[in-house]
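Number of protein chains: 2
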Amino acid sequence: MQRYFIDQTAAAGEQVEITGTSAHHIQRVMRAQVADQIEVVTAAHQAYYGTIENLTPTKVAVRLGTTLLTNTELPSQVVIACSIAKKDKADWIVQKGTELGASGFIFFASQYGIAKWEPQRQDKKLVRLRKIALEAARQAHRNLIPSVTIISGLAALTKVVKDYGIVAYEESAKQGETAALVATAQQVQAQQKLVAVFGPEGGLAPAEVAQLQAANFVAVGLGPRILRAETAPLYLLSALSTLWELR
Amino acid sequence: MQRYFIDQTAAAGEQVEITGTSAHHIQRVMRAQVADQIEVVTAAHQAYYGTIENLTPTKVAVRLGTTLLTNTELPSQVVIACSIAKKDKADWIVQKGTELGASGFIFFASQYGIAKWEPQRQDKKLVRLRKIALEAARQAHRNLIPSVTIISGLAALTKVVKDYGIVAYEESAKQGETAALVATAQQVQAQQKLVAVFGPEGGLAPAEVAQLQAANFVAVGLGPRILRAETAPLYLLSALSTLWELR
Chain F
1 MQRYFIDQTA
11 AAGEQVEITG
21 TSAHHIQRVM
31 RAQVADQIEV
41 VTAAHQAYYG
51 TIENLTPTKV
61 AVRLGTTLLT
71 NTELPSQVVI
81 ACSIAKKDKA
91 DWIVQKGTEL
101 GASGFIFFAS
111 QYGIAKWEPQ
121 RQDKKLVRLR
131 KIALEAARQA
141 HRNLIPSVTI
151 ISGLAALTKV
161 VKDYGIVAYE
171 ESAKQGETAA
181 LVATAQQVQA
191 QQKLVAVFGP
201 EGGLAPAEVA
211 QLQAANFVAV
221 GLGPRILRAE
231 TAPLYLLSAL
241 STLWELR
Chain H
1 MQRYFIDQTA
11 AAGEQVEITG
21 TSAHHIQRVM
31 RAQVADQIEV
41 VTAAHQAYYG
51 TIENLTPTKV
61 AVRLGTTLLT
71 NTELPSQVVI
81 ACSIAKKDKA
91 DWIVQKGTEL
101 GASGFIFFAS
111 QYGIAKWEPQ
121 RQDKKLVRLR
131 KIALEAARQA
141 HRNLIPSVTI
151 ISGLAALTKV
161 VKDYGIVAYE
171 ESAKQGETAA
181 LVATAQQVQA
191 QQKLVAVFGP
201 EGGLAPAEVA
211 QLQAANFVAV
221 GLGPRILRAE
231 TAPLYLLSAL
241 STLWELR
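One line per chain: the protein sequences are F and H, in this order. Heads up: the first sequence runs through residues 1 to 247, numbered per the numbering used here. Heads up: the second sequence runs through residues 1 to 247, numbered per the numbering used here.
There may be inaccurate statements among the hints.
Treat identical chains as interchangeable: a pair holds within one or across any two.
Once the Cα atoms are required to be at most 20 Å apart in a straight line, the calculated EDC-like pairs of lysine to aspartate or glutamate come out as [unchecked claim]:
| id | residue 1 | residue 2 |
| --- | --- | --- |
| 1 | 131 | 7 |
| 2 | 174 | 39 |
| 3 | 124 | 177 |
| 4 | 89 | 123 |
| 5 | 174 | 73 |
By construction, these hints were calculated from the structure, which means they are not laboratory data.
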């Protein structure tokens with residue numbers, strides 16, 4: 001069943017309105033009709049079965065039915081902080097990371113990062129990435145749409161509020177470090193926030209890793225193979241799902 | 001350090017010849033010179049440090065030095081069997097799956113699969129996918145290049161030699177099945193072969209899942225979120241690395 005997000009809270013039995021691109025999708029892509037069933041997720045991240053009651057070109061009125069009991073969110077929040085990446089790689093990180101349960105994405109400028117997002121184009125990039133996150137959240141049947149932001153650099157990143165922090169560090173993996181990720185994952189409590197930092201293709205500079213470590217980010221290895229910058233966040237999210245959700 | 005594969009066995013102290021696209025890469029992309037260091041992986045999947053001794057336009061002579069002790073292979077073989085996918089998705093599965101440690105890829109035709117590979121184009125597709133596997137294996141510093149094959153369909157897939165088999169099944173995940181993957185992963189011994197089957201975007205038909213189950217493939221859930229066809233294999237490989245390599 002197709003899932004749509006609304007930016008208001010509502011309860012079972014109430015009628016809600018779906019507008020914008022979702023209304024377009026329901027009518028033009030799904031060709032839905034009155035009495036068709038969809039899934040609606042409210043701003044409180046609660047999913048409901050919904051029945052379409054009325055369609056106009058720009059609005060779809062839906063009566064909320066019973067709640068969906070399945071929770072598709074990771075038990076803890078995982079924010080993926082990535083060095084600014086080229087367009088297709090950033091798109092891929094946000095799309096796949098959303099499917100795999102990330103609660104948010106932060107892009108930051110790093111020392112060895114080659115890709116640049118011109119200041120005057122950042123807003124456009126964010127609009128695009130947020131649209132990708134919304135579509136991936138719909139498709140993966142998430143209960144929330146991950147946030148996507150840009151911050152100025154590593155100093156700002158060290159100030160992001162978190163319960164735990166990790167930094168994927170190739171040198172850790174090379175030195176055979178294999179226990180830190182599992183150890184950190186086991187400490188994170190439900191609903192707490194883990195911020196995970198990933199460098200660019202050329203890696204983070206040792207001074208950048210030291211700066212993060214001084215701000216309580218733990219250096220972790222992600223196995224013995226060298227992962228590309230856009231693959232490492234997907235490994236992490238899959239690993240956390242395995243450790244937290246598959247028991 | 002750059003890594004290259006040769007299709008012969010050799011021992012420390014011997015001189016080997018690198019030809020073909022690798023020779024081109026060493027000279028034209030890396031602009032290497034005599035006395036430069038590279039890594040060489042022999043047909044026995046053993047990696048060595050190597051020193052370039054001679055360069056001609058088509059051949060690079062390398063003296064093998066000490067062996068590299070790091071083993072970058074998963075402790076057991078994991079073969080990813082995917083329903084035939086559209087070009088860019090098949091490319092992604094092979095590239096990312098190689099980075100994440102797959103030992104091979106098998107593409108097969110399935111009931112709900114929409115993508116088709118015309119018989120007369122299959123050889124060309126395999127050449128392309130094998131080249132992607134080779135490049136990803138180099139980049140990820142793998143000790144072997146994953147195989148890429150096409151088989152006729154599910155009946156042939158059930159006859160592939162294996163020690164364990166799993167099939168990613170959305171219905172298992174929907175019913176809250178969360179233990180089967182971890183249980184299977186714990187049974188697989190070092191060097192044994194696990195074949196993991198993934199359906200197309202529309203999923204496998206119930207009869208196809210039953211056919212696989214009759215051939216000792218265990219249905220497993222990959223967490224509560226709905227993953228796209230090209231994301232599920234990457235989740236599985238990351239999960240197995242986490243369970244097998246991060247302790």
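Exercise. So which hints don't hold here, by number, going up?
Worked result: 3
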